[in-house]
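These protein sequence lines are chains A and B, in that order.
Counting with full-length UniProt numbering, you get residues 1 to 293 for the letters of the first sequence.
Counting with full-length UniProt numbering, you get residues 1 to 293 for the letters of the second sequence.
No lab work stands behind these hints: they were computed from the structure.
Treat the hints with care, as some may be off.
[To be verified] Below, simulated DSS-like cross-link-like pairs (lysine-lysine); rule was C-alpha separation at most 27 Å, straight line: (1) B:Lys8 to B:Lys32; (2) B:Lys165 to A:Lys145; (3) A:Lys145 to B:Lys8; (4) B:Lys165 to A:Lys32; (5) A:Lys262 to A:Lys273; (6) B:Lys273 to B:Lys262; (7) A:Lys32 to A:Lys20; (8) B:Lys8 to A:Lys165; (9) B:Lys273 to A:Lys145; (10) B:Lys145 to A:Lys20; (11) B:Lys273 to A:Lys32.
Chain by chain, the residues:
Protein chains: 2
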Amino acid sequence: MLDQAIEKYQQRVNRVLEAKLNELDDNAPQLKAAMIHGALLGGKRIRPFMVYSIGEMLGADSRILDNAAAAIECVHAYSLIHDDLPAMDDDALRRGQPTVHIAFDEATAILAGDALQTLAFELICQPVEGINPQQQLAMVTALAKASGYSGMCGGQAIDLSSTDKRINIEQLTQLHNKKTGALISCAAELALIAANASDTEQQIIREFAENIGLAFQVQDDILDITASTEELGKPQGSDEEANKSTFPSLLGLDGANECAEKLINDALSALAKLTYNSQLIADFARYIIARRL
Amino acid sequence: MLDQAIEKYQQRVNRVLEAKLNELDDNAPQLKAAMIHGALLGGKRIRPFMVYSIGEMLGADSRILDNAAAAIECVHAYSLIHDDLPAMDDDALRRGQPTVHIAFDEATAILAGDALQTLAFELICQPVEGINPQQQLAMVTALAKASGYSGMCGGQAIDLSSTDKRINIEQLTQLHNKKTGALISCAAELALIAANASDTEQQIIREFAENIGLAFQVQDDILDITASTEELGKPQGSDEEANKSTFPSLLGLDGANECAEKLINDALSALAKLTYNSQLIADFARYIIARRL
Numbered sequence: 001m002l003d004q005a006i007e008k009y010q011q012r013v014n015r016v017l018e019a020k021l022n023e024l025d026d027n028a029p030q031l032k033a034a035m036i037h038g039a040l041l042g043g044k045r046i047r048p049f050m051v052y053s054i055g056e057m058l059g060a061d062s063r064i065l066d067n068a069a070a071a072i073e074c075v076h077a078y079s080l081i082h083d084d085l086p087a088m089d090d091d092a093l094r095r096g097q098p099t100v101h102i103a104f105d106e107a108t109a110i111l112a113g114d115a116l117q118t119l120a121f122e123l124i125c126q127p128v129e130g131i132n133p134q135q136q137l138a139m140v141t142a143l144a145k146a147s148g149y150s151g152m153c154g155g156q157a158i159d160l161s162s163t164d165k166r167i168n169i170e171q172l173t174q175l176h177n178k179k180t181g182a183l184i185s186c187a188a189e190l191a192l193i194a195a196n197a198s199d200t201e202q203q204i205i206r207e208f209a210e211n212i213g214l215a216f217q218v219q220d221d222i223l224d225i226t227a228s229t230e231e232l233g234k235p236q237g238s239d240e241e242a243n244k245s246t247f248p249s250l251l252g253l254d255g256a257n258e259c260a261e262k263l264i265n266d267a268l269s270a271l272a273k274l275t276y277n278s279q280l281i282a283d284f285a286r287y288i289i290a291r292r293l
Numbered sequence: 001m002l003d004q005a006i007e008k009y010q011q012r013v014n015r016v017l018e019a020k021l022n023e024l025d026d027n028a029p030q031l032k033a034a035m036i037h038g039a040l041l042g043g044k045r046i047r048p049f050m051v052y053s054i055g056e057m058l059g060a061d062s063r064i065l066d067n068a069a070a071a072i073e074c075v076h077a078y079s080l081i082h083d084d085l086p087a088m089d090d091d092a093l094r095r096g097q098p099t100v101h102i103a104f105d106e107a108t109a110i111l112a113g114d115a116l117q118t119l120a121f122e123l124i125c126q127p128v129e130g131i132n133p134q135q136q137l138a139m140v141t142a143l144a145k146a147s148g149y150s151g152m153c154g155g156q157a158i159d160l161s162s163t164d165k166r167i168n169i170e171q172l173t174q175l176h177n178k179k180t181g182a183l184i185s186c187a188a189e190l191a192l193i194a195a196n197a198s199d200t201e202q203q204i205i206r207e208f209a210e211n212i213g214l215a216f217q218v219q220d221d222i223l224d225i226t227a228s229t230e231e232l233g234k235p236q237g238s239d240e241e242a243n244k245s246t247f248p249s250l251l252g253l254d255g256a257n258e259c260a261e262k263l264i265n266d267a268l269s270a271l272a273k274l275t276y277n278s279q280l281i282a283d284f285a286r287y288i289i290a291r292r293l
């Protein structure tokens, strides 16, 4: 059931993104192609899944979640394009495909990332029946806070400055809460806003999402050393290669696995306080640490 | 009077930007410093001037224009940081100072641009008395449309793909309408939204701003060959060096001057239809082609 739901929402958000990207004019064809390459390269669509599944659980119609789901994926896609650049992580391969600056060129990759970020904010503002300007404004604010200096961008900067340094588990946790966690939490936040969730629901879902976000990163670190290059779609062991501190490097592989399990258990405990049928989201939480890619 | 007004609004928007940037946490100090360097490097603050002067002329209080003025300057600053990168225009000097990737490093410059773009959208959404969510949402949309694929980013992509090619005056005009004109028009648009301007006012101000925007770029091209490196704060003749088509290269220097004057006259003719005292903005229009930097 989880697999089907993941596939359903993946296809749904891809249709929204495709439609939006294809309707762009053809005045800058290379930039348009690079944006499409970066945004539609594949991927699990974890963040859109959270927007849809949490939003629907709380009673929001998926039609009012479409733009939020597509917007958060645009931000994620832009961050990957920029992170892959030679001046950043210098990755040539992403999801088994050439990264944007390899398939096109560096200038186009920088601009494609920039324009995808802009598109995210434009998408959220599009008028949709069932959602009011206050909610849309709250979504823009949530997405901006999660992706800017205090969130994702700041986390990437801390990550770059921590490379080749020994950092402790608190610093690594803070780094990942910003770099990856903030946007994952934002997916939940967008759903809460769309569904006009109560204070209690907000509190529970936020606790759930924070644990999920960190667990996701711990599992990513684990996969970087335990999965094959083929499974990963990028070179295996690239964290160690880049001399980055990771959860396995600080806690050992067993310690990292235990850490991820504890985070998921905490997420599930939070979720259990909800009066809704939260089976799908609970399954998703378990999938976060069971996944191989 | 124009000089004093330019200085007054320059100081005003700088205070807003400084306050906002200084209140960022210190978790990523290098990124924060790079954002401050990029956003507060100086500059005439043409776009904030337009937001304030047009908005106030139409009856909006400057307090409700502050965030819009700061936001559009954040977008402008981010675009300069990214345009200066080695993969783009590769400029080491901007306003007589080292560009962000020179003062810091490329990765930090990419992230500083990214985070300044995000900050722009966050700023517009901040609650301010006298402006409602519908207006703020319209501002986010206007800023996104002007700065994304269909505006500034698309213009920069067309500019890069036109380098080393002979393009005609229509193509050059389209390029600059997107690359520079869209954001200058957006400054006027933000003022119109804040002031709840009538349809007639919107039509007049848009016509004014479109002509101003293109005249600004024509004058920039003229200054690139007629001003000194010291006046420009960057190497003189850099367009020719980069083998770019410019208005003087296509029309000759006299032709470019005539073109700029015609655009300003068209802008002033539009403005004359307004019933407000538009002296300050008319002076500003004349300044666009009289300026030496």
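Going down the list of hints, with the structure as the test:
| no. | hint | verdict |
| --- | --- | --- |
| 1 | B:Lys8 to B:Lys32 | 26 Å, holds |
| 2 | B:Lys165 to A:Lys145 | 41 Å, violated |
| 3 | A:Lys145 to B:Lys8 | 30 Å, violated |
| 4 | B:Lys165 to A:Lys32 | 20 Å, holds |
| 5 | A:Lys262 to A:Lys273 | 17 Å, holds |
| 6 | B:Lys273 to B:Lys262 | 17 Å, holds |
| 7 | A:Lys32 to A:Lys20 | 11 Å, holds |
| 8 | B:Lys8 to A:Lys165 | 46 Å, violated |
| 9 | B:Lys273 to A:Lys145 | 42 Å, violated |
| 10 | B:Lys145 to A:Lys20 | 13 Å, holds |
| 11 | B:Lys273 to A:Lys32 | 39 Å, violated |
When held up to the earlier numbered hints, the structure conflicts with 2, 3, 8, 9, 11 and fits the remainder.
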